[in-house]
Amino acid sequence: MTEQTPKRIFVKGNEAIARGALAAGCKCYFGYPITPQNDIPEFMSQAIRDAGGQFVQAESEIAAANMVLGATACGIRAMTSSSSPGISLKQEALSYMAGSELPGVVVNMVRGGPGLGDIGPSQGDYFQSTRGGGHGDYRLLVLAPASGQEAYDLTIKAFDLAFKYRNPVMILGDAILGQMKEPIAPWIPDNLDPDEAADWRLDGAKGRQPRLHKSLFLQEGELAQQNRHLQEKYEAMKAEIDYESFMVEDADIIVVAFGSIGRIAKSTIRKIRSTGKKVGLIRPITVYPYPSEILKTLAEQGKKFLTIEHNMGQMVEDVRLAIRTITDSDFYSCLPGNLPTPDDFEEPILKALEG
Amino acid sequence: MEEELVYTRPDVVADRATHYCPGCHHGIIHKLVAEALIDLGVVEKTICIGSIGCSVFIYNYLNLDTVEAPHGRAPAVATGVKRARPDNFVFTYQGDGDLASIGLAEIMHCANRGENVSVVFVNNTVYGMTGGQMAPTTLIGQQATTCPAGRCEELEGLPLKMAEIIGGLGTTAYSARVAVDSIKHLMAAKKAIRKAFQCQIDKTGFGFVELLSTCPTNWKMTPVQANERIAKEMIPTFPLGTFKDKTVEAK
Amino acid sequence: MSIYKDVVIAGFGGQGVMLIGNLLAYSAMEAGLNVTYMPVYGPEMRGGTANCAVVISDDDIGSPIIQSPVSLIIMNRPSLDKFQPRIQDQGVMIMNTSLIEAELADTGRVQAFGVPCNDIANGLGNTRMANMVAIGAYVQATGVLPLEQVQACLAKVISPHYAHLIPKNSEAIAAGAAHAAKYGTL
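Chains as they are written, first to last, in our numbering: chain A, 1 to 355; chain B, 1 to 251; chain C, 1 to 186.
Hints listed in this document are in silico derivations from the structure and should not be mistaken for laboratory results.
A few of these clues could be false.
Here are the computed lysine-lysine pairs in the DSS-like style, where the Cα-Cα straight-line distance is at most 25 Å [claimed, not checked]:
id : chain 1 : residue 1 : chain 2 : residue 2
1  : B       : LYS161    : A       : LYS214
2  : C       : LYS5      : A       : LYS271
3  : A       : LYS304    : A       : LYS277
4  : A       : LYS164    : A       : LYS27
5  : B       : LYS246    : B       : LYS203
6  : B       : LYS220    : B       : LYS232
7  : B       : LYS31     : A       : LYS206
8  : B       : LYS190    : B       : LYS246
9  : B       : LYS203    : B       : LYS190
10 : C       : LYS82     : A       : LYS271
11 : B       : LYS191    : B       : LYS45
12 : C       : LYS156    : A       : LYS7
13 : B       : LYS203    : A       : LYS206
14 : C       : LYS5      : A       : LYS277
15 : B       : LYS45     : A       : LYS27
16 : B       : LYS191    : B       : LYS246
17 : A       : LYS206    : B       : LYS45
18 : A       : LYS214    : B       : LYS45
19 : B       : LYS232    : B       : LYS190
20 : B       : LYS190    : B       : LYS161
21 : B       : LYS203    : A       : LYS27
22 : C       : LYS5      : A       : LYS7
23 : C       : LYS82     : C       : LYS5
24 : A       : LYS271    : A       : LYS351
The following block holds chain A by itself, in its conformation from the complex (with noise of 0.2 Å):
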């Protein structure tokens, strides 16, 4: 149940993201400054106050994860944002509250790499976004929105999943998404529970035995189990899968492309289609989980895929690995630092249609 403002605003998918961290119900956020994400930042420094909440401009961006990991050990709703660079200095937090299944909510506005990089688009992120990131056995939940108002959307949604599952969400944008401007149709999620955190949040013992959140399992078999219930969760987590289907039914070819990629694929994909030419696509909105049966069923009819990318090919490990018993799916890298265009898609789609 949600209530719609009918009221359409013109906004930065930067600001979407705050927007919808807002209207989640984050109480504190933490942050560093990097481009191309300051919007974040710079919203939140007036907004989030204004809301009752709490900003800090952290030393580091390491001080910045674990200031979400204290706030989410406390049951509060609570996020960083960065790009890049920065987030692979969060890497440690996250590692820690996946291990101390804390629910933090991180945003990546992905920009060039490896290094320094640049700070246009890039989905360079994917593997440390999808793999876990920092250290040990663990995954986030990683979702990848192709608009303004997807951003506002599953900002919400992320904040809800990282609860449900106690376990870090990730927004894995790019500087296409975050700098753009839509128009978004902000609304009020209605059913914000005070107590989600009831049994588990750290308030103070009174009355109650303490309780505690760490990451070390010292005793003989207790990291072994504590493994075994983290993969569960993750298993489990497969019930939120989600993506975009486009034109798919009749295709002799579907591209599959993430975030804003997948948005300028769509472009190319109708320039061809009015051709006569039978293209779909599969934007997958949770990149993990990721939505594998999909494409295998897809497979099964006999499709062939291409999968593009806005790095040097990464997404494409897990098509291969969806499809792999049927067939396999051809690749389209469009560089970071490059600016990609629909018409740059145009020739290696007709390509992988015809080879």
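Place chains B and C on chain A using the hints.
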């Protein structure tokens, strides 16, 4: 003749055997912390931030809501906790490697923001849990497994004097260095912890107590020798005293 | 028939191309359409031009980044050199003939409207409103939105500090539209 009970274990201290080595001061300091929480009436609203080092198991000894912070990050975690729950009492308990080396940025900025939290800093001049490596507080000439010939200023710099550094920040409400090697020092330590905690309760700001502590195992000493080393070798480098006290300045 | 229109607006920094891109996009939103506004930066930022892409549609919008636009607003010469070769055949181009020679327009391939934006703005009292003249001409030439809709949205994109300039800017938009209506294509 009837027995008279003259000493009891505070309720907040768990009734269990310690993993700390014989002669280690952590146990004494745990108890001082527990007594201060009881005396100030904040046990039931306390959230403890554990850190990485020998005291990582603090949650086994103090019956408090606790969150374990990554190595050095306890002041950042405490910031998150206190911002999320401003009405709770929040303290970190950190060793010298954790606070003065890997966590130097976090402690400096937590103090410099004037976060309304308390920090208990245990300085034993060595990495205890990992087996006796050089710490940022290791004394000049002191041998450690990563400076077997003894710490030398030319190669490894000088021991960091955290109580003075933190005391030098304008936002710090209270900073003191104390020891627990004698009854006299112990009484002063008890007062210092209480004062640092009181600053948080009164919302005066950031409170910091550095406690000089033993590590007989890694110092390769008997408990008695280790206890004696505090006055003989540590205090000359790390003088006891109060380096900042806003409660006095206010009067 | 579904609506689809994209435009690249390009000039040098300070000519206000981002502002009229915002204005056009905001107006499209107020008209109930879908729209994306993409300030282009990164590699494309170099070379002295500032540009943005606006896509307007009644369907959901795919790419916010356009390689071959269906229309252009070109405020200076380097932008003409860069974008004119990329416009689609028979695309609409508003060209600022105060700063670019009219004969540089590829009239065989493009519907080019020559508008002396700086001169018209100057005549209204401030050269800096050349961008408003250009957007007025664009709206007139393409019919993408009612002119009044665009004028009405000025208050949404101009900061309150400059609110007193809104009537003049509105006048500049009208003047640009009038020029395009009167003189048509080159």
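Do the hints match the structure? See the list:
1. B/LYS161 to A/LYS214: violated (30 Å)
2. C/LYS5 to A/LYS271: holds (14 Å)
3. A/LYS304 to A/LYS277: holds (13 Å)
4. A/LYS164 to A/LYS27: The hint holds at about 17 Å.
5. B/LYS246 to B/LYS203: holds (11 Å)
6. B/LYS220 to B/LYS232: Given pair B/LYS220, B/LYS232 holds - Cα atoms ~16 Å apart, limit 25 Å.
7. B/LYS31 to A/LYS206: Roughly 20 Å between the alpha carbons, so the hint for B/LYS31 and A/LYS206 holds.
8. B/LYS190 to B/LYS246: At roughly 18 Å apart (the allowed maximum being 25 Å), B/LYS246 and B/LYS190 satisfy the hint.
9. B/LYS203 to B/LYS190: holds (20 Å)
10. C/LYS82 to A/LYS271: Between C/LYS82 and A/LYS271 the Cα gap is close to 24 Å, so the pair holds against 25 Å.
11. B/LYS191 to B/LYS45: holds (21 Å)
12. C/LYS156 to A/LYS7: Measuring from Cα to Cα gives roughly 14 Å; hence the hint holds.
13. B/LYS203 to A/LYS206: holds (22 Å)
14. C/LYS5 to A/LYS277: With a Cα-Cα distance of about 23 Å, the restraint between C/LYS5 and A/LYS277 holds, given a limit of 25 Å.
15. B/LYS45 to A/LYS27: Status holds; Cα separation ~20 Å.
16. B/LYS191 to B/LYS246: Satisfied, since the Cα-Cα distance of roughly 15 Å is no more than 25 Å.
17. A/LYS206 to B/LYS45: OK: A/LYS206 and B/LYS45 at ~7 Å, within 25 Å.
18. A/LYS214 to B/LYS45: holds (19 Å)
19. B/LYS232 to B/LYS190: holds (22 Å)
20. B/LYS190 to B/LYS161: holds (21 Å)
21. B/LYS203 to A/LYS27: OK: B/LYS203 and A/LYS27 at ~21 Å, within 25 Å.
22. C/LYS5 to A/LYS7: The given pair, whose Cα atoms are some 23 Å apart, holds under the 25 Å limit.
23. C/LYS82 to C/LYS5: With a Cα-Cα distance of about 20 Å, the restraint between C/LYS82 and C/LYS5 holds, given a limit of 25 Å.
24. A/LYS271 to A/LYS351: holds (15 Å)
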